[in-house]
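Novice: Sequence:
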Amino acid sequence: MEESKVMDRIGEVIERYGRDLLEDPDRLQQLLETHGAEGREWFFTFVMALRTALEMGYEMPVDSSEGVYVAEALEDRFGMERDKALWGASALAVLSRRFYGTSSEAMRSDRRGGSHGRGMIGRLTPSQVLWAAMGVLWLFAALSFGVYRMMSERGPDGGEFRITLLAPLSGPGGPEGQVMLRAAQMAVEQINSQGGVRGYRVRLLGFDSHDPGSPPWEELGDRMKERTRPHVVLSAVGDKGALGLVGWSERARTPIIAVDAKDPLVPAVSPYKPNPFMFAMLASPAMEGRISAYFVRQGLNRTGAFVVFDGSSRRSVEAERHFEASFGAIGGEVRGRFDVSTGGGGSLVPLQLLPGGSDPVVAFVFGEDLMRLFPHLRSSGFAGPLVALGNPEGLGRDMKLMSNSWWIADASPGDVYVQPFVEGYADRYKDRLPRYMVLPAMLAYDGVRWAGDALSRASSFSPEGIRYALSDTRSLSLVHATLSIDPSTHAPHNKAMALIYVGPRGAAFQRRIWMGPR
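If you count by full-length UniProt numbering, then the sequence shown holds residues 1 to 518, one letter each, in order.
If you're looking for bench data, these hints aren't it; they were derived computationally from the structure.
Backbone N, C-alpha and C fix where the C-beta goes; we use that ideal spot for every residue, glycine too.
Don't take each hint at face value.
[Stated by the list, open to error] Cut-off 20 Å, straight-line C-alpha distance, at most; resulting in silico cross-link-like pairs (SDA-like, lysine to any residue): (1) 225 / 193; (2) 240 / 207; (3) 273 / 26; (4) 240 / 172; (5) 240 / 159; (6) 273 / 506; (7) 273 / 175; (8) 273 / 503; (9) 400 / 273; (10) 225 / 159; (11) 240 / 265; (12) 400 / 506; (13) 400 / 430; (14) 430 / 175; (15) 5 / 57; (16) 5 / 16; (17) 430 / 420.
[Claimed, not checked] Across the chosen pairs, the derived CB separations fall in these ranges: (18) 170 / 298: 39 to 47 Å; (19) 250 / 368: 45 to 53 Å; (20) 321 / 505: 31 to 39 Å; (21) 505 / 426: 19 to 27 Å; (22) 57 / 431: 38 to 46 Å; (23) 250 / 18: 36 to 44 Å; (24) 420 / 226: 46 to 54 Å.
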């Protein structure tokens, strides 16, 4: 679709639903996506320009001089190529003027009670105004654009794309890391057998995160970059390691896909302020809270719930907060809550607080807190359903204690859609994956597929171009889910989750569940 037609389409949507859309980028993006995928790339560019302008404190209408700064911010923050950034800023200036008038017209309207004509520019078509505005921005940016084009036309450094898996390859976590490395290599071999990425070979390198000296993560990152010179890093070092690499990724200008991190501060400092080079592949705590609310209300058909959470855990607090907001919005009521970090007795919920009737207990606690909670609830006489996050098969405890519990996880080894990957691994390495190794292996495999997809779509071979492509991931079919990334958080947007039920005979995968748009 031509750029001018895209702008006309955006204008039609704003005219139909009201100019307030120019102050609500989330709703505007949802409405534009319903108009088909033909102009999706340009819709995304426009919405990102609008979001950036609002974050910078600009009010509608945005004028051409402000548009220059918006375009620069799109390049600096998201690695957007110069011509797209200029188009997005120009289109925003044109459409905001169309629906709000110029700044001077708005002032005259306030003084005189209305607008008194739009002059010569008002008689131009939207396409003519767009090109005029773009001309002004190009005048400011011509020299740097030329330099950018020269840089973007270069091939990848070394004539190949390098993906580094940062994981424990020795020590206690070595066996799991080795399995992840083999699964990632299988994905690389498949990509190369199909012609590589843009005609270039993809190469996988492993870097051992296990170091008895426990150096700072930034020092480890420097050693990794010096030895492997990665275009993209897959980190499988948990929340602690990923958090330690956030600052390094920006300083070293190296995109990182955290395949096993759950802390909300890994991909973003806060909503609409993502860490530029960090991306999460697992569902965010906010999504976990929302989908848990959806399941309790729609799947279990319950209108009440009791929530247990850990106030000292960012993941737990974020999930609990979004659960309560979403549950109330769809007709549910949180009838009680307990914070295990302030309860004195650990995860032992006081008996008088336990719900009666059929209300479920929704547990946003993890590890040992969760393992203490289950037997405590059952021994206290609570026989209702339990809802928890994660995969029960990896906990290594007696499944009888978890009977009548529902689990929401990013993936399950029992998922029928995962079996082709398991069989492919067994055929390639003549070694069947242990059930508890399926998830880490699958996430490493999917991480490579995501990195390869982003490299194939990147506007340039630079780190900025690659990170922009990662943030623009839409409907990418992977083994464990179909992945779409929210560019405002660098985390998945409404990803499908695995639903697992634990009954008298143990854990069994039920189905994949997901929600509609937020």
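Novice: Determine for every hint whether it applies to the structure shown.
Specialist: Consistency of the hints with the structure:
1. 225 / 193: violated, 27 Å
2. 240 / 207: Roughly 17 Å between the alpha carbons, so the hint for residue 240 and residue 207 holds.
3. 273 / 26: Status holds; Cα separation ~15 Å.
4. 240 / 172: Cα-Cα ~17 Å, so holds.
5. 240 / 159: violated, 34 Å
6. 273 / 506: Violated - the C-alpha atoms of residue 506 and residue 273 are around 42 Å apart, more than 20 Å.
7. 273 / 175: With a Cα-Cα distance of about 36 Å, the restraint between residue 273 and residue 175 is violated, given a limit of 20 Å.
8. 273 / 503: violated, 42 Å
9. 400 / 273: Status violated; Cα separation ~44 Å.
10. 225 / 159: holds, 17 Å
11. 240 / 265: holds, 11 Å
12. 400 / 506: holds, 7 Å
13. 400 / 430: violated, 34 Å
14. 430 / 175: holds, 17 Å
15. 5 / 57: violated, 28 Å
16. 5 / 16: The hint holds at about 16 Å.
17. 430 / 420: Holds, because 15 Å separates the two Cα atoms, which is no more than 20 Å.
18. 170 / 298: 39 to 47 Å: Hint holds: Cβ distance 46 Å, inside 39 to 47 Å.
19. 250 / 368: 45 to 53 Å: violated, 34 Å
20. 321 / 505: 31 to 39 Å: Since the Cβ atoms of residue 321 and residue 505 sit about 35 Å apart, the hinted range of 31 to 39 Å holds.
21. 505 / 426: 19 to 27 Å: holds, 26 Å
22. 57 / 431: 38 to 46 Å: violated, 57 Å
23. 250 / 18: 36 to 44 Å: holds, 38 Å
24. 420 / 226: 46 to 54 Å: violated, 38 Å
Hint compliance for this structure: hints 1, 5, 6, 7, 8, 9, 13, 15, 19, 22 and 24 are not met, and every other hint is.
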